[in-house]
Amino acid sequence: MITMEEEEIYKENILDHYRNPHNTGELQDYSIRHRELNPLCGDQIELFVKVEGCRCSDVKFCGKGCAISQAATSMLTDKIKNKNIDELKKITQEEVVNMLGIPVGIVRLKCALLPLKTLQKGIIKWEKGELCQTN
Amino acid sequence: MLIKQTLDTKKIREDFPIFKQLTHNKPLIYLDNGATSQKPVQVIDAMNRFYNEYNSNVHRGVYKISELATHAYEEAHRKTADFIKAEFEEVIFTKGTTESLNLLAYTLGRTLKQGDEIVLSQMEHHSNLVPWQQLAKQKGLALKFIRITKDYKLDMAHAREIITPKTKIVSIVHVSNVLGTINPVKELAALAHKNGALFVIDGAQSIQHLPINVKELDCDFFAFSGHKMLGPTGIGVLYGKRHLLEHMEPFLYGGDMISEVQFEHSTWNELPWKFEAGTPNITEAIGLAAAIDYLKEINMEHIKEYEEELTTYALETLSNIKGVRVYGPTEAGDRGSVIAFNVEGIHPHDVSTILDREGIAVRGGHHCAMPLMNLLGVTGTVRASFSFYNTTEEIDKLAQAIKKAQEVFK
Ligand SMILES: Cc1ncc(COP(=O)(O)O)c(C=O)c1O
Chain C
1 MITMEEEEIY KENILDHYRN PHNTGELQDY SIRHRELNPL CGDQIELFVK VEGCRCSDVK
61 FCGKGCAISQ AATSMLTDKI KNKNIDELKK ITQEEVVNML GIPVGIVRLK CALLPLKTLQ
121 KGIIKWEKGE LCQTN
Chain U
1001 MLIKQTLDTK KIREDFPIFK QLTHNKPLIY LDNGATSQKP VQVIDAMNRF YNEYNSNVHR
1061 GVYKISELAT HAYEEAHRKT ADFIKAEFEE VIFTKGTTES LNLLAYTLGR TLKQGDEIVL
1121 SQMEHHSNLV PWQQLAKQKG LALKFIRITK DYKLDMAHAR EIITPKTKIV SIVHVSNVLG
1181 TINPVKELAA LAHKNGALFV IDGAQSIQHL PINVKELDCD FFAFSGHKML GPTGIGVLYG
1241 KRHLLEHMEP FLYGGDMISE VQFEHSTWNE LPWKFEAGTP NITEAIGLAA AIDYLKEINM
1301 EHIKEYEEEL TTYALETLSN IKGVRVYGPT EAGDRGSVIA FNVEGIHPHD VSTILDREGI
1361 AVRGGHHCAM PLMNLLGVTG TVRASFSFYN TTEEIDKLAQ AIKKAQEVFK
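Heads up: the sequence lines are chains C and U, in that order. Using the numbering used here, the first residue of the first sequence is number 1, and each one after it goes up by one. Using the numbering used here, the first residue of the second sequence is number 1001, and each one after it goes up by one.
Treat the hints as calculated values from the structure; they're not laboratory data. Be careful, since some hints might not be right.
Dumping the calculated DSBU-like pairs for lysine-lysine here, alpha-carbon to alpha-carbon at most 30 angstroms [claimed, not checked]:
1) C:K60 x U:K1410
2) C:K110 x U:K1403
3) C:K11 x U:K1403
4) U:K1397 x C:K110
5) C:K11 x U:K1322
6) C:K128 x C:K60
7) U:K1404 x C:K11
8) U:K1404 x C:K64
9) U:K1410 x C:K79
10) C:K110 x U:K1095
11) C:K110 x U:K1194
These stretches of chain U come out as covered by chain C in the derived footprint (C-beta under 8 angstroms, 3 or more residues) [to be verified]:
12) 1347-1354
13) 1358-1366
14) 1370-1384
Here are the in silico distance ranges between beta carbons for each label pair [claimed, not checked]:
15) U:N1055 x C:D16: 54 to 60 angstroms
16) U:K1026 x C:L109: 21 to 27 angstroms
17) C:L37 x U:N1213: 38 to 44 angstroms
18) U:Q1138 x C:E26: 36 to 42 angstroms
19) C:L37 x U:V1062: 53 to 59 angstroms
20) C:K50 x U:N1025: 45 to 51 angstroms
Idealized CB from N, CA, C, for every residue including glycine.
All chains should be built: construct the whole structure from the sequences, respecting the hints.
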């Protein structure tokens, strides 16, 4: 028997994204490549973004970690495809939490926000013209 | 399996106000004692009494309440010394194990020179690794690590190989905060001393579970934290052999630690005050003393016995759940009451979140032992760590909740 409270956090769509994440793998032809860690859980996400014009034309990620961080990355990569880079810089933490649609406490918030952090730090590196390799 | 039940946990639990409330509408099952212990009302009251009745600074005023405070603060040193069978002068209050170990790395480090070696183990907490690692970098010292065997114990043959006359310090965790392994510290002390090295014990996970006699262990230093042994945060202890402390330079400088100060020159106060600069954590020291009184009342031998029964029960219960893998020695006698495990296919943080919803507090993550996690080939584990106020019913609930997690992630 699963109680209401549990259902709230491990909703079926979170588990679906976790079991079958979208956009996994590496891009050979990337503009941005950035990796971030969450030392708390040992979550890791490496993001590959292809920028064409000012647009994110493709995105893939490699990651391992908890259901929340991996599902959040899967959902975020879906969301950012074909969006303008300037738009991506403006994605807020609240938007990511809303996208997940589950109550995340202060500790698990770090897991949920890891993909956003990876994306936005990667964009900053790219804008500075830094070599977009693994950090 | 039935256990003997050496302690009256029902009565004991009444002393802990935190167990009277609910979490997620369920009774709190607190299995994160490795991180910090809960506090009995006796400890909370002792600290409140200080603030309500005789709050003042120590070693300064000659008025009544300051004398009471000074007496209570010194009494806390005396009780702590007595608890570990040390002398009064040998007990220094710090803010915790981490500070105690940093104090050692800083002060002992001054006497080391390039090429000297420090020996640690592969199962150290970051706080008994990073201070030595940074010291080694600054001074060009070599760091060596005693390997772990397949059954999660220290490889003593390897220890005998790497502890040599070049070794100046051997610093080892008494009970691993991940594997639970109880390390053979007496044997290691003898090995270190034979080679002319100092022997340091990180006792953060042993002080609350085993009777400690520093003279019998023959360690040169022993570090622990008050908050893991029913006391408050912000107070910890460094025990050191008197003749060693006498010859060591102070760690922090300032008030209280001096004997005489001139503009160009100062001399140091006597032990232990030489190592306690500034206004100390008086309230917390008083809380620690109350915690020690409480532990003594229950009796450390009985605590050890009861927790061993509890650990045996938990090991058996967990190993009966399909898909659960326990890390650490298999015999309860070889280990403290810390059990790290993973549930196949579920990240430790997801396990912890589901357990939390059942009112069960466990820790998930790397437990401040990242190199050890790498060695185990995992990014983290779940960890249940027990204290004498935990019960077999709570362990049954833990097992049920793990099965629930397996259902959610099926
Ligand atoms: C084995 C070990 N050493 C050191 C520490 C550090 O203790 P504190 O954080 O109280 O300084 C801990 C606490 O987690 C520990 O388990």
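Here's how the hints hold up against the structure:
{"no.": "1", "hint": "C:K60 x U:K1410", "verdict": "holds (26 angstroms)"}
{"no.": "2", "hint": "C:K110 x U:K1403", "verdict": "holds (26 angstroms)"}
{"no.": "3", "hint": "C:K11 x U:K1403", "verdict": "holds (18 angstroms)"}
{"no.": "4", "hint": "U:K1397 x C:K110", "verdict": "holds (28 angstroms)"}
{"no.": "5", "hint": "C:K11 x U:K1322", "verdict": "holds (24 angstroms)"}
{"no.": "6", "hint": "C:K128 x C:K60", "verdict": "holds (22 angstroms)"}
{"no.": "7", "hint": "U:K1404 x C:K11", "verdict": "holds (15 angstroms)"}
{"no.": "8", "hint": "U:K1404 x C:K64", "verdict": "holds (23 angstroms)"}
{"no.": "9", "hint": "U:K1410 x C:K79", "verdict": "holds (27 angstroms)"}
{"no.": "10", "hint": "C:K110 x U:K1095", "verdict": "holds (28 angstroms)"}
{"no.": "11", "hint": "C:K110 x U:K1194", "verdict": "violated (48 angstroms)"}
{"no.": "12", "hint": "1347-1354", "verdict": "holds (count 6)"}
{"no.": "13", "hint": "1358-1366", "verdict": "holds (count 3)"}
{"no.": "14", "hint": "1370-1384", "verdict": "holds (count 4)"}
{"no.": "15", "hint": "U:N1055 x C:D16: 54 to 60 angstroms", "verdict": "holds (58 angstroms)"}
{"no.": "16", "hint": "U:K1026 x C:L109: 21 to 27 angstroms", "verdict": "holds (23 angstroms)"}
{"no.": "17", "hint": "C:L37 x U:N1213: 38 to 44 angstroms", "verdict": "holds (42 angstroms)"}
{"no.": "18", "hint": "U:Q1138 x C:E26: 36 to 42 angstroms", "verdict": "holds (39 angstroms)"}
{"no.": "19", "hint": "C:L37 x U:V1062: 53 to 59 angstroms", "verdict": "holds (56 angstroms)"}
{"no.": "20", "hint": "C:K50 x U:N1025: 45 to 51 angstroms", "verdict": "holds (48 angstroms)"}
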